Amino acid sequence: EPEVTQTPSHQVTQMGQEVILRCVPISNHLYFYWYRQILGQKVEFLVSFYNNEISEKSEIFDDQFSVERPDGSNFTLKIRSTKLEDSAMYFCASSDTRNGEKLFFGSGTQLSVL
Amino acid sequence: AQSVSQHNHHVILSEAASLELGCNYSYGGTVNLFWYVQYPGQHLQLLLKYFSGDPLVKGIKGFEAEFIKSKFSFNLRKPSVQWSDTAEYFCAATNFGNEKLTFGTGTRLTIIP
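Those protein sequence lines, which keep their order, are chains A and B. Quick note: the first sequence, position 62, residue 62 per this note's numbering, numbers continuous. Take any residue in the second sequence, note its place counting from 1, add 1000, and you have its number in this note's numbering.
Hints are computed from structural coordinates only; laboratory data are not their basis. The structure presented is a predicted model; accordingly, all values stated were derived computationally and were not measured. You may find that some hints are simply not true.
[Claimed, not checked] Distance condition first, Cα-Cα at most 25 Å in a straight line; then the derived DSS-like pairs of lysine-lysine:
id	chain 1	residue 1	chain 2	residue 2
1	B	Lys1100	A	Lys42
2	A	Lys83	A	Lys42
3	A	Lys102	A	Lys57
4	B	Lys1100	B	Lys1049
5	A	Lys102	A	Lys83
6	A	Lys102	B	Lys1058
7	B	Lys1069	A	Lys42
8	B	Lys1100	A	Lys57
9	B	Lys1100	A	Lys102
10	B	Lys1071	B	Lys1049
11	A	Lys83	A	Lys57
12	B	Lys1049	B	Lys1061
13	A	Lys42	A	Lys78
14	B	Lys1069	A	Lys57
15	A	Lys57	A	Lys78
16	B	Lys1071	B	Lys1058
17	B	Lys1071	B	Lys1100
18	B	Lys1100	A	Lys78
19	A	Lys42	A	Lys102
20	A	Lys42	B	Lys1049
21	A	Lys83	B	Lys1071
22	B	Lys1069	A	Lys102
23	B	Lys1069	B	Lys1058
24	B	Lys1100	B	Lys1058
25	A	Lys42	B	Lys1071
26	B	Lys1049	A	Lys102
27	B	Lys1069	B	Lys1049
28	B	Lys1100	B	Lys1069
[As the list claims (entries may be wrong)] Stretch by stretch, here's where chain A covers chain B in the computed footprint (C-beta under 8 Å, at least three residues):
id	region
29	1038-1048
30	1098-1112
[As the list claims (entries may be wrong)] Some chain B residues near chain A, calculated using beta-carbon distances under 10 Å:
id	residue
31	Val1004
32	Trp1083
33	Ser1084
34	Ala1092
Built from N, CA and C at the ideal position, the CB exists for glycine as well.
Start from the sequences and build out the full structure, keeping to the hints where you can.
Below you can see the structure in the form of structure tokens.
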């Protein structure tokens, strides 16, 4: 079965540092997403991306966050200046349809901000 | 506001017991509903989904869920659980034509051998 790959599985960083979380979506998918889950809380939508631009973003996705599809295969989430409250599990997902019917999630990157 | 509620935070059952996990949603319009499972150390996997048609949907690993529109519910059931069902279960919803999933807080299921 095809899968979404995320690297690294665990990222530790100092507060104020920039981090880039990487994802390789399934190859023929067109819709890409980032979700996050703070420990003990809900999985929350961050951003959706289609046709090389953001199609929707949540309140969480402020100016510190950005996404990019730099080379047609990778899909990255950048946090410019990390805060303690950015510590969470970040999930990448991709789909070939817009309605969530065939959404595949990666195994997540655990981000720890110290 | 759109929301999904899962009232059971942690459920502990013995093997072969029957399972029902509650999920209620608050959404306007046509809603699509999902149950995801996350086994320890693994990614979220889709168990089943409801888009339209028969309100009783069957998923993988013997799970099923029933969409009851009048109760705004989409409870997950399994007649006889196994130790391997130990995992976190998430209910999620989205409006028809919308791509953004709203998740519940999850229910941790522990099966005792």
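Hint check:
no.	hint	in the structure
1	B:Lys1100 x A:Lys42	holds (14 Å)
2	A:Lys83 x A:Lys42	holds (19 Å)
3	A:Lys102 x A:Lys57	holds (20 Å)
4	B:Lys1100 x B:Lys1049	holds (15 Å)
5	A:Lys102 x A:Lys83	violated (33 Å)
6	A:Lys102 x B:Lys1058	holds (16 Å)
7	B:Lys1069 x A:Lys42	holds (23 Å)
8	B:Lys1100 x A:Lys57	holds (9 Å)
9	B:Lys1100 x A:Lys102	holds (13 Å)
10	B:Lys1071 x B:Lys1049	holds (18 Å)
11	A:Lys83 x A:Lys57	holds (19 Å)
12	B:Lys1049 x B:Lys1061	holds (14 Å)
13	A:Lys42 x A:Lys78	holds (21 Å)
14	B:Lys1069 x A:Lys57	violated (29 Å)
15	A:Lys57 x A:Lys78	holds (14 Å)
16	B:Lys1071 x B:Lys1058	holds (20 Å)
17	B:Lys1071 x B:Lys1100	holds (23 Å)
18	B:Lys1100 x A:Lys78	holds (20 Å)
19	A:Lys42 x A:Lys102	holds (21 Å)
20	A:Lys42 x B:Lys1049	holds (19 Å)
21	A:Lys83 x B:Lys1071	violated (40 Å)
22	B:Lys1069 x A:Lys102	holds (23 Å)
23	B:Lys1069 x B:Lys1058	holds (17 Å)
24	B:Lys1100 x B:Lys1058	holds (23 Å)
25	A:Lys42 x B:Lys1071	holds (22 Å)
26	B:Lys1049 x A:Lys102	holds (10 Å)
27	B:Lys1069 x B:Lys1049	holds (15 Å)
28	B:Lys1100 x B:Lys1069	holds (21 Å)
29	1038-1048	holds (count 6)
30	1098-1112	holds (count 9)
31	Val1004	holds (8 Å)
32	Trp1083	violated (22 Å)
33	Ser1084	violated (18 Å)
34	Ala1092	holds (8 Å)
Checked against the numbered hints given earlier, this structure breaks hints 5, 14, 21, 32 and 33; the rest are met.
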